[in-house]
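Novice: These protein sequence lines are chains A and B, in that order. Numbering-wise (numbering that gives the first Met the number 0), the first sequence opens with residue 0 and increments by one. Numbering-wise (numbering that gives the first Met the number 0), the second sequence opens with residue 0 and increments by one.
It is worth saying that the hints were derived from the structure and are not from the lab. If you're wondering where the values come from, they're calculated on a predicted model, not measured in any experiment. Glycine included, every Cβ here is placed at the ideal spot set by N, Cα and C. Hints are supplied without guarantee of correctness; some may be wrong.
Said to hold, decoys possible - Label-pair restraints from in silico Cβ distances:
#, chain 1, residue 1, chain 2, residue 2, range
1, A, His209, B, Thr54, 38 to 44 Å
2, B, Trp63, A, Pro226, 57 to 63 Å
3, A, Asp240, B, Thr15, 23 to 29 Å
4, A, Ser123, B, Arg250, 37 to 43 Å
5, B, Arg58, A, Asn27, 54 to 60 Å
6, B, Asp26, A, Ser123, 57 to 63 Å
The residues making up each chain are set out below.
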Amino acid sequence: MMIEQLLDEQQQPLVEIKDVSVAFENQNILQDVNLKIPAGETLVLLGESGCGKTVLMKTIIGLVQPTSGAVSFDGQNINELNDQDLSYLRLRFGFVFQNAALFDSMTIGQNVAFPLRQHGRFNSNQIRDMVIARLSEVGLPDSVVHKKPAELSGGMRKRVGLARALVMNPELIMYDEPTTGLDPIMSDVINELIIRTRRRNPVTSIVVTHDMNTARKVADRLVMLMPLNRLSPGESQIIFDGTPAELDSTRDRRVRQFVNGEAGERLMELRGRNPVEPTETSYNF
Amino acid sequence: MSTIPNTPTHDIFDNTYVGRLASWIADWGKLVIDSLVAFGAFSLFNLRTLRWMTTRLPRSETIWPNFYRVGVSSLPVIALTGTFIGMVLAVQSYFQFRQIGLETRLGAVINMTLVRELGPVLAATMLAGRVGSAMAAELGTMRVTEQIDALAAMGANPIHYLVVPRFLACLFLIPTLTVMADFMGVAGGHFYGVTWLEIDIHHYWSNSIQAVTNFDLMVGLIKSVFFGAAIAMVSCYQGFNCDAGAEGVGRASTNSFVQSFVMILLLDLTLGIILDNFYFMFYPDGASFF
């Protein structure tokens, strides 16, 4: 009995998403999504634009409140936490935003130091050393410390965003389209940083991406979401959940089309659409 | 959160008289529900700000820049506005008073108007235009570029970090700015009335001292505190609830000024009535408060 309990505890996922639905205004984005993410896993969330990948990730961190269902982190239901407890819990998360979301009124050094100052346990010398070490890990020189985010390129800003997310040694790190808008070489640099981060620290990662190179390179497991309006009645929004090898051998046409970048029926939809008859209420540009 | 169907009512109801009446009722119903939802959201935002303000004070590095922006940077424009309003009041009142031989009462009218009404209202209006719009635009841009989400993701509460310092800056510094507007307005009125129009200085000031009491000054300052709180809360709320894109930021900035200005006018009227009733309740014969 004791052994069974211990095994259960070991198998308890770090993140558990249970029947989560999210709606904005009158539009449903997520419907009854269920997902378990064990500690140490790198999960890649795939899916076409607008299917709710980023919303799901923001729901995990409590930035978006689900309309129904619950999200648990390490056994705690984060939707039941008050503002203060949630703020404290978030120190265990790292989030790399799509456009880095650096504070433009602060220097790079102040940006990376922000979580450390917020935590309030470190003196100025420790903070300076940790900031420089994190920036160095993502391949940025000390000289960027005094620059403002607007003075850096897109790739450098993303790396600063990664350094800022890593500075508190989070248990769960989330990447929102980390390679979008970057050239192929810089994309690969970011992929390598994601892999190196996992090697250095026993971190659980969730990566939202459209980039199949990134997905194949970093993923232990891939999950594909489908927009609600493209599902058959009663069908789960998660249309694929498996390893990269299983992704290659999947028979689901929608998954194969996404992976291979084929427009498929979408092109037919465009061809089949009748041109709009000009009326008095037609658009004026 | 429950959602309200956004279907245009003309799509639901047919084009008969009954259908149009039902559509009209549905439109009004939606407007009322939307207004109540917006009022509820604004009230919750205010309550959360008050709760964070009493939980712990923000760090000094977030407080002082906001105090500087609200207080020091607003001083020149508020001083200029106050000076010109004082002079304009003298220009407009002088000919009316001279026709009935009461030009020495000019000081009383100008100073009373400035201290009770125009000083606080103009200082608040300038603050809403200069600082409130900028706050809404800054916070709106932070919302659109996910900087507010980033704050929350790093364990900082955005209301504690962004709203509380701005609220405190407006609350504490608007009385100072009001005193500055009052002083410069009084100086402007004196300059035009006494120096330019050569009204007798002794009568100008003795009439002013008789008419303007400390209570009048207090009324102006009490009002200004409410104005400051309203400007900060409206502007921060607009910034936090900004729609996406440049248009959203622009709209948040405009809405913040318009709504702040309407709040200033409503508060001015309400507080004017309440404070006057308060005064006459304790001093029915109109004796001086101090």
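Novice: Against each hint, give a clear statement of whether it holds in the structure.
Specialist: Hint check:
no.	hint	verdict
1	A:His209 / B:Thr54: 38 to 44 Å	holds, 41 Å
2	B:Trp63 / A:Pro226: 57 to 63 Å	violated, 47 Å
3	A:Asp240 / B:Thr15: 23 to 29 Å	violated, 53 Å
4	A:Ser123 / B:Arg250: 37 to 43 Å	holds, 41 Å
5	B:Arg58 / A:Asn27: 54 to 60 Å	violated, 40 Å
6	B:Asp26 / A:Ser123: 57 to 63 Å	holds, 59 Å
Hints 2, 3 and 5 from the earlier list are contradicted by this structure; the remaining hints agree with it.
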